[in-house]
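*Asks:* For the protein sequence lines, the chains are A and B, in the order given. Following my numbering, the numbering of the first sequence begins with 1 at its first residue and continues without gaps. Following my numbering, the numbering of the second sequence begins with 1 at its first residue and continues without gaps.
No lab work stands behind these hints, which were simulated from the structure alone. Bear in mind that the values here come from a model prediction, so they are computed numbers and not experimental data. C-beta atoms are modelled at their ideal positions from N, C-alpha and C, and glycine is treated no differently. Don't take every hint at face value.
Stated by the list, open to error - Label-pair ranges, simulated between beta-carbon atoms:
id, chain 1, residue 1, chain 2, residue 2, range
1, B, Lys36, A, Met152, 40 to 48 Å
2, B, Lys36, A, Ala100, 42 to 50 Å
3, B, Ser66, A, Tyr41, 29 to 37 Å
4, B, Leu52, A, Lys145, 20 to 28 Å
5, A, Ala100, B, Gly126, 14 to 22 Å
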Amino acid sequence: MVDVERTVYEFLLRTLGLTVNEIWGHLIYKPIKTARWRIPYGLKTLEEFLRWHESRGLVQRRLDHPIALEVYCRFTTRKPLTDEQFRHVVLILTKCILQAFFYPELLDYMEWGYEFYRTKEPEPLEARIRFSRDGIEFKYIDITKKVRKWLMIRYIE
Amino acid sequence: MVNDKIYRIKGEGKVSGTGSGFLSRIKIDIDEKNKKLLFNLSKRLIILKKYLGLQILNIDEKESNSGYHIRLDVISKIPLDDKDIVFLQLWLGSDWRRELFNFLRVKHGFKRWNVLFKKKVRFIKGKMKVVSEEK
């Protein structure tokens, strides 16, 4: 019975419902590179292991980069985004990052993701850049206005 | 407390089912294609059922390029807050890096924190390439 209800509900959402799209960009941080040579014998404690990696320069050095950086955009459409539309939104978000004076090289370390779910009520457009330089204090920049201006996709609010 | 047959998860649409309790969605990102991990996950779910009285409404399991994406809709007898969900996701074997960032987001009070991508891309030499996609 439950399955029938769920199937009917999902069918109705699919045909009548709306799609909330979320596009996220993250900075990927790989703290230790994979060692291509053998780790010497005799390393028994975690402290020794960490010190060895640091001495070989395997721990990623960071410049004036934020320790965490993410950007996201969320809006409602009738159907899920096509690949071209997704690409367009990603380009808008990269433009926003560059206009917020982050290093362009950070874009090489970023990964972009797309998620959507079906809903009945539209949700308002929201776009933000969140970042932290120390992992303790997080700041955000509201880029909703910019995204609203550049987004050439018909969205529902 | 929800008793209706159709539940609403905040910002996640609706799910139908029966039972009473508090509804939450758990999203697990497993980064290895190993059936043993899924076996371990099912063992842990059985333990969760026993100790927290979790009732599983819906399991949505999808294979990605590097592993599995699992979305669970659960009803618990006690309310689960965001930090509890982060702990449960980590305990059920989700990617530790993802859960660290989820924890930071929850700790700083961000509303949107739990995402599990259907598609992931990266810019390689200026071109956008699909790194991972749910099948």
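*Asks:* State the violated hints by number, sorted upward, taking the hints as numbered earlier in the document.
*Replies:* 4
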